[in-house]
Structures are given as structure tokens and as C-alpha cells.
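Chemist: Listed below are the residues making up each chain.
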Amino acid sequence: MTTIADPKAPRPPRARPSRLTTRGNTELYGWVFMRASGVLLLVLIFGHLFVNLVAGDGVKAIDFGFVAGKWASPLWQVWDLLMLWLAMIHGTNGVRTIINDYAERDGVRLVLKCLLYLAFVVVVVLGTLVIFTFDPCPTDAPANLLPSFCTA
Amino acid sequence: MPAAPAAPRKKAPAGTLYRGREGMWSWVAHRVTGVAIFFFLLVHVLDTSLVRVSPEAYNDVIGTYKNPIMGLGEAGLVAAIVFHAFNGIRIILVDFWAKGPKYQRVMLWVVVGLFVVTMAGFLPRHLMHVFGGE
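Chains A and B are the protein sequences, given in the same order.
To get this note's numbering, take the position in the first sequence, counting from 1, and add 796.
To get this note's numbering, take the position in the second sequence, counting from 1, and add 1068.
With the rest of the complex left out, here is chain B (with noise of 0.2 angstroms):
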């Protein structure tokens, strides 16, 4: 059986501010922490609301909270918003700084190294309060 032809190499287009490498990823990776974020905005304001129906039943929910997987879990969610947030300072600063732009990608790694350090500050602390014990 003859070999079929290879394929075309598709080549992609250049000179877009947003079509693959940081730009694009960091695009991709604001829309997951987003709806992430959001999802988990909904269940919050749900259990805080349980402070209007009594202490116990509010002290029961936020308890779960206190438990190791969900303590990892919150320093997952505390690290979508940190990045969520720094990537929305970068994004504005492409938008509106002139050179914006021009510096987008070096943005990027700005916005990664203050993650690493904010994430540096705050993983400690709170790993300590959730396996810390009493």
C-alpha cells in the first residue's frame, strides 16, 4: 500500500498578538481560573447565608472547610484568584499602557513571578492552620 502524501504542514499565522506561546496561554488559563472562581463564588454565598438560619448550622457547614482536602482546595482557589487577578492587571496594562502591547509576554512573566511570590507567602501560613493541629 502506497504511503499516503504527508499533509500540508499547516503554518500558522504570524504577527497576532494572541495565536499560541504566553499570549494565548495565559488567555486560556484567565477563562479556567475564571469560571472556577465564579462556580466557587455561588456555593460561598450559599453556606455564608446559613449565618441567617442558625450558628450550628452555619458552624457545621464552615467545619468542612477546616478539614485537610479542603484546605488544599482553598490553596488551590486562593492561587487561581492571585493569578486571576495579576494576569487582570496585566491584560488592562495591554489595553491601555502604549507600550502595553509591546511588553505583553515579559507581562507575563512579571505576573508569574509575583504568583510564585504572594503564593510563596500565603501556602506556608495557611497549610500551618490546616495541618498545624490545635
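One chain only, chain A, in its complex shape (with noise of 0.2 angstroms):
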């Protein structure tokens, strides 16, 4: 007959798991990441909707010589490059989370996180490029598209 261990003594090593499911501290930066960003994002978007939607025509005022006028001001480059990197980071680690949760196969769960990581880099360096090399006043376009500065 086996008896129960004795409550009070201590326990055996836990068994070391077959493979090691993460390396040294990165999902707590990851955990802190999603609070500091989520509480930029929200300020960022906030304001990223109402200059746009709410303010002026709203959505119907949307066009290229909005966009230009908005990248004409250094303040509004810095805010949708910041509003970019944070948004695609925090939202590419949420995905990967939700992956890890739902997909169990191995090899499910590896092509949805490359596919992943694929989308992060393309947008991400897309992202960044258009704000970097945007042009305002592009000469084969026509000047009733253009933003007023242009033409001055």
C-alpha cells in the first residue's frame, strides 16, 4: 500500500520540459512592451482619428493634399512613424499570442508566425519608406491635387 508524501516535505524537481519554450526574459519585455505601448497607442490613435475623422469634413476632407499638408509638419511625420512602429509591433505580438494559444501543431503554428513576421517586415519598411520619401508636389501630377504649398 502507498502512503501519500508527506504534505510538508519538499517537492521533487519539477521535470526539465523537452524543449525550451522560451529564452531568458523575453515574454516579460514582451508583457511590459504591450502595457508602455498600449497606453502610447491609445494617444496616438485617439488623436490620429479625431484629426481625421472627426475634425474639419471628417473623412470626406481625406485626399492626397490632406496627407501632404499633415507630412508637410515634422510633428505629424514623427506621430505616424511612431504610430506605425508601435501599432505593428504590438499588434504582430498579440498575433503571435493568439497563434501560440490556438495553433498546437508545430508545423501549424511555424508557417502562420513566418507568414506573420513576413507581413510585420513588409508594412513596417513600406511603412517607413512612404513617410521618409513621401513627395508633396510630384511634377507630373496635376496642381488641383496637389496641396496649396506647391504652387506658392
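It should be emphasised that the hints constitute simulated quantities derived from the structure, not laboratory data.
Backbone N, C-alpha and C define an ideal beta-carbon position, used for all residues, glycine too.
Mixed in with the good hints, there may be bad ones.
[To be verified] Pairwise CB distance ranges, derived in the manner of DEER restraints:
(1) VAL847(A) - VAL1111(B): 36 to 46 angstroms
(2) PHE945(A) - GLY1168(B): 42 to 52 angstroms
(3) ARG1173(B) - TRP881(A): 28 to 38 angstroms
(4) GLY1181(B) - ARG807(A): 37 to 47 angstroms
(5) THR947(A) - PHE1164(B): 51 to 61 angstroms
[Stated by the list, open to error] Sample of chain A residues lacking proximity to chain B, with all beta carbon distances greater than 10 angstroms (derived):
(6) ILE841
(7) LYS856
(8) ASP859
(9) GLU900
(10) ARG905
(11) LEU906
Hey, can you piece these two chains together into the complex? The hints should help.
Modeler: What follows is the structure, encoded as C-alpha cells:
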């Protein structure tokens, strides 16, 4: 007959996991980042939504000239760049968590995460290039589509 | 045919923060809104990138954002963002505020209240822009 273990006895050492699921404190830093970036994103995105959808004529007023007018100011360039990077890292990390939770097969998880990271790189690189190489006054475009400062 | 014995009712474990009720459903809603916002973000960076192609290309695509169906979609997107934002603050308070776990349920109703107030401010103005004509 077996007896139950003395409840006060020290626990036996845990079996080592067959595969290392995390390295060091990476997941902790990710957890902190989600909270810190979340607060910043609340301010950045609410400001973005107010200026683009509420102020003035809202969505009806958005066109090439509107975007060019905003990016003529370094404030909106930095605003949009920060929003792009923080939102993409925050969102990618969130979707990564969801993939880890629901995709149980190793192969499926690997494929989904590769697609996720590919989308991250493409969107972040493309968006960053657009903000920094944007030309508000392309020479071959009709003047009525351009912001007013192009003809000044 | 004799009736099968009723399956024993499973009792949900009690005393945990996130099982059932407000805690779990806010967690589900946070995930669903988060994924929806993420996929919109991918599309939104791509459509904005058309400013680099030509003013005409950008204006064409942004023009589709101004039709009524897309206007309703934008209202849904803003609703998702507002919930995710306020509930995110609630999550931070649950994690870092000593009394956060005790008040998590009350805080969800505060989130819902703030959501209603914010949307009440946003929706009429946005719908006027979308449906108000020129």
C-alpha cells in the first residue's frame, strides 16, 4: 500500500521541459511592452482618429492634398512613424500570442508565425519608406490634386 | 429504451479571476477586436502607401472609404479601437493597481460606460460626414 507524500516534504524537482519554450526574460519584456505601448497608442490613435475623422469634414476631406499637408509638418511625420512602429510591434506580438494559444501543431504554428513576421517586415519597411521618401509635389501630377503650397 | 442517466453536471471552478462572466468575455472581446484592428492596420498602411504612386491612385482608393458601406465599416473599426483602448487600460489597472483585481468587474462596466459616451460623441458626427451629402 502506498502512502501519500508528507505534505511538508520539499517538492521533487520538476521534470525539465523537453523543449525550451522561452529564452531568458523575452516574454516578460513583451508583456511590459504591450502595456507601455498600449498607453502611447491610445494617445496616438485617438489623436489620429480625431484629426482625420472628426475635425473638419472628417473622412470626406481626406485626399492626397490632406496627407501632404499633414506630412509637411515634422510633428505628424514623427506621430505617424511612432504609430506605425508601435502599432505593428504591439499587433504582431498580440497575434503571435493568439497563434501560440490556438495553433497546436508545431508545423502550423511555424508557418503562421513566418507569415506574420513576413507581413510585419513588409508593412513596417514600406510604411517607413513612404513617410521618409514622400514627395508632396510630384512634378507630373495635375496641380488641382496637390496641396496649395506646391504652387506658391 | 431506457433513458440514459443524466450526465453529471460539471461544476465550473470558482474563485478564479478569468473564468466566465465579465472577466472572460472582456478577454474574448479584447482578442477579437485586437485581431480585427491588426488586419485593418495591414490594409491601411498599404492604401496609404499609394501616396507614393500618384495623387490619382491615392485619391481613387481613399474615395472608396467615403462610400456609405465603408463609412459603417469605419464606425465599426472605431468602436473596436475604443473598446480595445479602454479595456487595455483596465487590464493595466488589474495588473499594476493593488485593488485592480478586486474591482476588475466594476472597471469593465466603467469601460462600457466610457465606450458608450465616446461613441455617442463620435457616431453622429461621423455619420453626418458619411451620409450628409456635400
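Chemist: None of the hints should be skipped; say for each whether it holds.
Modeler: Structure-based check of each hint:
{"no.": "1", "hint": "VAL847(A) - VAL1111(B): 36 to 46 angstroms", "in the structure": "violated, 20 angstroms"}
{"no.": "2", "hint": "PHE945(A) - GLY1168(B): 42 to 52 angstroms", "in the structure": "holds, 49 angstroms"}
{"no.": "3", "hint": "ARG1173(B) - TRP881(A): 28 to 38 angstroms", "in the structure": "holds, 35 angstroms"}
{"no.": "4", "hint": "GLY1181(B) - ARG807(A): 37 to 47 angstroms", "in the structure": "holds, 46 angstroms"}
{"no.": "5", "hint": "THR947(A) - PHE1164(B): 51 to 61 angstroms", "in the structure": "holds, 53 angstroms"}
{"no.": "6", "hint": "ILE841", "in the structure": "violated, 6 angstroms"}
{"no.": "7", "hint": "LYS856", "in the structure": "violated, 5 angstroms"}
{"no.": "8", "hint": "ASP859", "in the structure": "violated, 5 angstroms"}
{"no.": "9", "hint": "GLU900", "in the structure": "holds, 17 angstroms"}
{"no.": "10", "hint": "ARG905", "in the structure": "holds, 16 angstroms"}
{"no.": "11", "hint": "LEU906", "in the structure": "holds, 19 angstroms"}
Comparing the model with each numbered hint stated earlier shows that hints 1, 6, 7, 8 do not hold.
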